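Visitor: Make the full structure from the sequences, and use the hints.
Here's the letter readout for the chains.
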Amino acid sequence: MTDNEHRLHLLEQMLRIRRFEERCAQLYQAEKIRGFLHLYIGEEAVATGVMEVLEPDDAIVATYREHGHALARGLDPGLIMAEMFGKVEGCSRGRGGSMHLFDASTRFYGGNAIVGGGLPLAVGLALADKLSHRPRVTAVFFGEGAVAEGEFHESMNLAALWDLPVLFCCENNLYAMGTALERSESQTQLTLKAASYEMPAWEVDGMDVEAVAEAARKAAESVRAGGGPHFLELRTYRFRAHSMFDPELYRARDEVEEWKHRDPIEQFRERLIGEGVLDDEAWGEIEDRVHEEVDRAVALADAGTWEPVESLTRFVYSEVAP
Amino acid sequence: MTDNEHRLHLLEQMLRIRRFEERCAQLYQAEKIRGFLHLYIGEEAVATGVMEVLEPDDAIVATYREHGHALARGLDPGLIMAEMFGKVEGCSRGRGGSMHLFDASTRFYGGNAIVGGGLPLAVGLALADKLSHRPRVTAVFFGEGAVAEGEFHESMNLAALWDLPVLFCCENNLYAMGTALERSESQTQLTLKAASYEMPAWEVDGMDVEAVAEAARKAAESVRAGGGPHFLELRTYRFRAHSMFDPELYRARDEVEEWKHRDPIEQFRERLIGEGVLDDEAWGEIEDRVHEEVDRAVALADAGTWEPVESLTRFVYSEVAP
Amino acid sequence: MSDVIAPPETITYREAIREAMSEAMRRDDRVFLMGEDVGRYGGCYAVSKGMLEEFGPERVRDTPLSESAFVGAGIGAALGGMRPIVEVMTVNFSLLALDQVVNTAAVYQHMSGGQFNVPVVIRMATGAGRQLAAQHSHSLEGWYAHVPGLRVLAPGTIEDARGMLAPALDDPDPVIIFEHVGLYNLQGELPEVDGSVDITTAQIRRVGQDISVVTYGGSLPKAIDAARELDELGISAEVLDLRVLRPLDKEAILRTVSSTHRVVIVDEGWKTGGISAEIAAIIAEEAVWELDAPIERVCTAEVPIPYARHMEQAALPQVPTIVAAARRLVGR
Amino acid sequence: MSDVIAPPETITYREAIREAMSEAMRRDDRVFLMGEDVGRYGGCYAVSKGMLEEFGPERVRDTPLSESAFVGAGIGAALGGMRPIVEVMTVNFSLLALDQVVNTAAVYQHMSGGQFNVPVVIRMATGAGRQLAAQHSHSLEGWYAHVPGLRVLAPGTIEDARGMLAPALDDPDPVIIFEHVGLYNLQGELPEVDGSVDITTAQIRRVGQDISVVTYGGSLPKAIDAARELDELGISAEVLDLRVLRPLDKEAILRTVSSTHRVVIVDEGWKTGGISAEIAAIIAEEAVWELDAPIERVCTAEVPIPYARHMEQAALPQVPTIVAAARRLVGR
Ligand SMILES: Cc1ncc(C[n+]2csc(CCOP(=O)(O)OP(=O)(O)O)c2C)c(N)n1
Ligand SMILES: Cc1ncc(C[n+]2csc(CCOP(=O)(O)OP(=O)(O)O)c2C)c(N)n1
Ligand SMILES: [Mg+2]
Ligand SMILES: [Mg+2]
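Residue numbers (my numbering), protein chains in the order written: chain A, 1240 to 1561; chain B, 1240 to 1561; chain C, 3 to 334; chain D, 3 to 334.
Hints are not guaranteed to be accurate.
[Said to hold, decoys possible] Covered by chain D, per the in silico footprint, the following chain B stretches (three or more residues, Cβ under 8 Å):
1) 1271-1285
2) 1408-1418
3) 1508-1516
No lab work stands behind these hints, which were simulated from the structure alone.
None of these values were measured; they are calculated from a predicted model.
For glycine and all other residues, C-beta sits at the position ideal for the given N, C-alpha and C.
Guide: This is the structure we're talking about:
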């Protein structure tokens, strides 16, 4: 890929997430998708930029707000959508839903819905790599709200103490449900937390996909080269409610509008147009391609089948005798 | 009290702890004391110095290594010893033993043996004071090992975020059981943890009772005046094994001997002699007084009685109907 | 003056809890509410919506995501003279705070020889049925009910949702209140305004002769529906609502067994080692000769709860499975 | 050559576990041990003493006091292809890591539709009897046994201490092993060197006709002593060692009930909602007509465990209380 092809690819990845999730919101209204649904709209540059620099055998650990990560990692949108429909063809057999997307083939370790719960897991995956002398990276995503959880601190310390190849990606979208960062942390400069573990840490404009990719590349390279864990604070914003149940009482409409001016897709699109890399026609093609893909995903999900109730107890334990 | 009387008092407090615990060790060998016994010998300056600056209605939350704190807070040595003997006259009716000394009258909230477990409690006690507009301080003691626990971080953040009157006293004796600080923390400068919560923090020579008292006074005054929580790292060393079961495989005899040259009692005694505040005779009187006191404590414990087995289920619930 | 009788006002389970909390806070300065998103967000399940406006951010206190610390802080504040209501968003997250509950709140009084009691109230949502999948659908009431030193309540009606809080706050010891997520929208008549209820006994919700259905919380409506269906089949089912999961009202359990001689226990917890087991054990110990049939338990299947609706429903106790169990025992 | 037969070598429960771990680590590079003070200190209960010297600090890995993170890291390492043995010093501290066990290890496979299994082994000490008071004397095996997705083992003999680890490590799913603190010094004959044992069934430790004593772990020696005393009274007691607390070997329980028709369950957990309740419930459901007497449970009193020896002993199951319960049921 040339540089510019690559940039267009980043744009398309972000748009894929955006359109996919817009459809999810509709499908939630239509009651095709149920349970909790957490949209990533507004934050697409983060997952897109980070995922870009990872290798196929790197590992990803994400949260309940992980559609973007799954798509950027290359999970089939149809299998993700089928999962959200609760169909057995889904990437978790319809058992996980929106919050629990899994895919062994891309080393996508969920979809973890206990805030902070994925962090120790990432430390362990990285420990396995270190003990096995495999030059892999484990990238773990979590919100700024998770920084208040004890597990975050235990995991940071363990990773730094043992020099483990973890890339900590803190998605600072300023809110944990309705709790603003300044009501959740006495010290809101999150890189100071990393410093207190002697872990290299950078603040990154999470609305700029190229800035994210660049920072992530530098960090991942260092991690892979044995430089120990790194911490990225990715400053972003969610444009939508926390979940489909959230009346958004806690933030001003204005603030949201303000941030929408920094829409990562719109910004990047304009940059590419300004630099002559993209024109309206090419943009139209991308839109069409993504649209079609989302249509196909929905069709696949719709055509999917229900897991037979008889198999409810399958996979509680492995299907081999101990 | 004049200044010098006060200094002699500090010396006597430390000696009281030392001699009391030396006796405890013997009584453990004699099987009068059972369970876990964690000695504070070597660290006396810390509890003595901090406790000195607290008011009667301040609160104290300590760990399983809390004989020194209880004595310095003014609990009756006889009731402490009776507790360790398992007698009903003990300060916890013989139900707590060495690890769980309690005393409502001096607001001594244990004796908490889950590492880190006392920290949230201290935050809550301080919250009650803040909500009730009482200018009190809650001093919480914990080892440097507890810094790795998530609860430590959650508690630090909560206290700082809510500006609560907590005095965090980290007793850094360099080991958590057999785990040296550098094998437990990636960043061993503990005040940086406090900084990451925007909490004022000082390193203090925990082998110098006057240095401790001075730092604690400054910190407690600020806390009481509404300056929010403060963090003291008190650098000290335990001269004895972690508990009576510890064969001390993890540290060199030399290291222990090195530290013993900085014995807080010996150092302070020499200083006072050097300054003409103390002479051999006065020292002898102190020794005698303390010795007698410990004898009386043992006698009281020995004379104590056993809680009747029938009252086993008392105090599981309060003795009033809801 | 009007001679039209106003229709009895209705209220939801959610509103009943909110009213109980607001009333307690109006009456007693020592009471405050603390938890994740109880304030500005209005509560994850909107239970505390509007309370921030009335009581302000000191008394309706949003916490960071720090379950262990804020539950522990609630315990500490109780020791410090307050009467905190700590909301843990759901029982699923309460595992992170379990140490504080088990090793501090529950033991403090006994371990200190009676010196310190802990008058904290901890509320949490529990249960499945909303397609929230494996990590958000636990029913772990049985674990809490295992711990000496705690009182554990499970309001299954509007009246209990409204009336259990006041006595819980009056209780000098730690009280855990489980609110089933499936009940928040339950609607019913407004109980008496000062409707404080007893928090020591189980209650018969429906009298019957042929079989006893012993249950609580989110399964109570299912048990009552099942009893109705059984009625149509000519089987008269008594429904016992445990209400208080610790200390259990043993006498009430033994009474209903001695009256019907057949028992189905319905519990949304997993069967193995759940609270259903304790009920069965009590009967096996103290009323085994009263039984005219073996005990049956209708519980959640021994699986993590799946997301897909049909799978989730298949995992949970349901009216038809309760009815079927009862029919097996009665033999028709 | 000598014709003197060497006395059978003896070994402690503690050494048996150490040998099992060392052997596993020699055989399989993927196996490593991780936990607080397992290395330089030699293990809180000296179980891993000397292993650091043989295997080095990478494979005998001291952890900071971070139960949640290192248990979670063990789970992650298992997902990453290793075979970790995680030592949580005691069950008391395991509450801090319970979220990782319940919400990650236990659900991962089911929730991912079968994609990810978690071959981790988590060992911990459990139980009371050493005057360690309320916070250090829990017996919470029953909680773990409640959770689908886990296998829970409780070696009560030297052979099981030696032999359960290898199959646990071979198990593709998470296994929790409870080692009772009162057993570490138990001494006995060295079992076969490759003594891998079955980890799916309960075992009769003593055959008897009049009554069954169902137990496990630290209570097993007490049950056997009680059986001996009962023998002298002319009561022949069968002792069933559950060994595997999840999944329970139901058949073995039902078999012994059907053979003796009288059951005492002995469990160091608190009675209410403990594992003893599940055993009773299984019988009440599936073998109630086999009973010639009500079930009795001999469990720990419903109190936080006190420090004073006489009080602690009064709180725990004891040989005389087991004997008394058995005599009540047999009627002599
Ligand atoms: C331990 C735990 N506590 C509470 C929740 C409920 N909850 C789900 S998401 C969330 C907010 C998390 O905020 P943040 O980490 O910033 O991530 P974001 O949602 O903003 O991406 C909360 C409180 C949970 N899932 N887990
Ligand atoms: C949560 C928890 N984990 C483990 C233990 C066992 N333990 C008791 S003391 C201790 C070391 C604590 O070290 P530190 O905090 O430095 O205090 P010190 O003993 O040095 O005073 C450990 C690991 C415990 N009591 N609680
Ligand atoms: Mg956020
Ligand atoms: Mg220490």
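Visitor: Compare the structure with each hint and give your call.
Guide: Evaluation of the provided hints:
1. With 3 residues having a beta carbon nearer than 8 Å to a beta carbon of chain D, the stretch 1271-1285 of chain B meets the requirement of three or more and the stated coverage holds.
2. Check on the stretch 1408-1418 of chain B: 4 of its residues sit with their Cβ under 8 Å from a Cβ of chain D, so the three-residue criterion for coverage holds.
3. Counting residues of the stretch 1508-1516 of chain B whose beta carbon lies closer than 8 Å to any beta carbon of chain D gives 0, which falls short of the minimum of three for the stated coverage.
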